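S.K.: All chains, please: the whole structure from these sequences, using the hints.
At position 151 of the sequence shown (counting the first as 1) the number is 156 in this note's numbering, and the numbers step up by one without a gap.
Worth flagging that the hints you see were computed from the coordinates, not collected in a lab. Heads up, a few of these hints could be off.
[Stated by the list, open to error] Straight-line alpha carbon distances no greater than 25 Å define the calculated DSS-like cross-link-like pairs of lysine-lysine that follow:
1) LYS179 with LYS118
2) LYS176 with LYS111
3) LYS223 with LYS258
4) LYS155 with LYS42
5) LYS47 with LYS179
6) LYS175 with LYS108
7) LYS148 with LYS111
8) LYS216 with LYS258
9) LYS256 with LYS49
10) LYS223 with LYS169
11) LYS118 with LYS169
12) LYS46 with LYS155
13) LYS223 with LYS92
14) LYS182 with LYS155
15) LYS42 with LYS148
16) LYS256 with LYS47
17) LYS111 with LYS169
18) LYS208 with LYS47
19) LYS155 with LYS116
20) LYS49 with LYS148
21) LYS148 with LYS46
22) LYS182 with LYS49
23) LYS181 with LYS169
24) LYS42 with LYS24
25) LYS223 with LYS175
26) LYS111 with LYS42
27) LYS181 with LYS108
28) LYS176 with LYS116
29) LYS256 with LYS175
30) LYS33 with LYS43
31) LYS179 with LYS169
32) LYS258 with LYS42
33) LYS208 with LYS236
34) LYS150 with LYS179
35) LYS111 with LYS92
All values reported here derive from a predicted model rather than from experimental measurement.
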Amino acid sequence: MREPIATGFYEDNFDALEKQIIECFKHKLGPGDLPIKKRDKKLKAVIVPHAGYSYSGPCAAWAYKEIAESQFPDTFILLGPTHTSSKSGISLEDWKTPFGIVKTDKDLAIKIKENTELEIDEETHIDEHSIEVQLPFLQFVNKDKLSNLKIVAIAIANDIDYRKLANDLKKITKDKKIVFIVSSDFTHYGPDYGYVPFSSDIKERLENLDKEAFNHIKNLNADGFADFINKSGATICGFMPILLLLEMLEKAKVEVLLYYTSAALTGDERNSVSYASITFR
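M.R.: Now the structure itself:
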């Protein structure tokens, strides 16, 4: 059992966490309403932030509303970056949150392990928050499907050949209904993050920088996105999971549902983190 380690990012008991997530949906930056009970849309993937809910929760709510109103998959595959490890790895454990247990699709996880260069590595996940913080939202919007909710959690570091892994994952999942959840914040700007490419007109120039990343994502242009990261040095923590997703998807309608920076909530433009919810249909 993978015990929660990131409850500082979200409330640590059932009632408070449920209230917090509802407030994210109804926040002025959130979608405004809770998901409706309709599952007629098709969804391939989302990119969703993983900061504390008080910062990125309203943004995340947009993606999870789309998940709630889309067809329920066999498995959600969560791809998160590694902030504390240099190794990629799959988790075989079930994951615990204040809402209960999220079951791992062990058959699929083992199949991925046997047909890719990824290994089962629980240590990679022990202190990593990027996947864990997605799970309460995922449970909340699938209340009616909890007994059938299954995930595969894969931490993605810089040690993978994302092109080869993308090709392998496409083959493995081609006969299953899969929704990929890619966990990533966007630009971390300011001296606290060691990234100050400009010091004037910060809001406008930061927005332009993030929109350049979004343009490559909208075009499913993995090479363009990789080149953008290399040239700009943009501090997008989940750039490897994003690259992997872009390489996997041959066709998709891509929509940026919401974008803002933490400065919209804190007023601090000197140091900020950018958040976006993006859907792939």
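S.K.: Decide, hint by hint, whether the structure agrees.
M.R.: Hints, one by one, checked against the model:
1. LYS179 with LYS118: Roughly 16 Å separates the two Cα atoms, so the pair holds.
2. LYS176 with LYS111: 18 Å, holds
3. LYS223 with LYS258: It holds: about 8 Å lies between the C-alpha atoms, which stays within 25 Å.
4. LYS155 with LYS42: 20 Å, holds
5. LYS47 with LYS179: 15 Å, holds
6. LYS175 with LYS108: 22 Å, holds
7. LYS148 with LYS111: 21 Å, holds
8. LYS216 with LYS258: Satisfied, since the Cα-Cα distance of roughly 17 Å is no more than 25 Å.
9. LYS256 with LYS49: Roughly 10 Å between the alpha carbons, so the hint for LYS256 and LYS49 holds.
10. LYS223 with LYS169: Distance of about 22 Å is within 25 Å: holds.
11. LYS118 with LYS169: 14 Å, holds
12. LYS46 with LYS155: The hint holds at about 19 Å.
13. LYS223 with LYS92: It is violated: about 28 Å lies between the C-alpha atoms, which goes past 25 Å.
14. LYS182 with LYS155: 12 Å, holds
15. LYS42 with LYS148: Satisfied, since the Cα-Cα distance of roughly 11 Å is no more than 25 Å.
16. LYS256 with LYS47: Given that 25 Å is the threshold and the Cα spacing comes to 13 Å, the pair holds.
17. LYS111 with LYS169: 22 Å, holds
18. LYS208 with LYS47: Between LYS208 and LYS47 the Cα gap is close to 35 Å, so the pair fails against 25 Å, i.e. violated.
19. LYS155 with LYS116: 15 Å, holds
20. LYS49 with LYS148: OK: LYS49 and LYS148 at ~20 Å, within 25 Å.
21. LYS148 with LYS46: 18 Å, holds
22. LYS182 with LYS49: 9 Å, holds
23. LYS181 with LYS169: Measuring from Cα to Cα gives roughly 20 Å; hence the hint holds.
24. LYS42 with LYS24: 19 Å, holds
25. LYS223 with LYS175: 19 Å, holds
26. LYS111 with LYS42: Since the Cα atoms of LYS111 and LYS42 sit roughly 29 Å apart, the hinted pair is violated (cutoff 25 Å).
27. LYS181 with LYS108: Distance ~17 Å between LYS181 and LYS108 Cα, so the pair holds.
28. LYS176 with LYS116: 11 Å, holds
29. LYS256 with LYS175: Between LYS256 and LYS175 the Cα gap is close to 13 Å, so the pair holds against 25 Å.
30. LYS33 with LYS43: It holds: about 23 Å lies between the C-alpha atoms, which stays within 25 Å.
31. LYS179 with LYS169: Judged against 25 Å, a Cα distance of about 16 Å means the pair holds.
32. LYS258 with LYS42: Status holds; Cα separation ~23 Å.
33. LYS208 with LYS236: Measuring from Cα to Cα gives roughly 20 Å; hence the hint holds.
34. LYS150 with LYS179: Given pair LYS150, LYS179 holds - Cα atoms ~23 Å apart, limit 25 Å.
35. LYS111 with LYS92: The given pair, whose Cα atoms are some 20 Å apart, holds under the 25 Å limit.
In this structure, the hints that do not hold are numbers 13, 18 and 26, in rising order.
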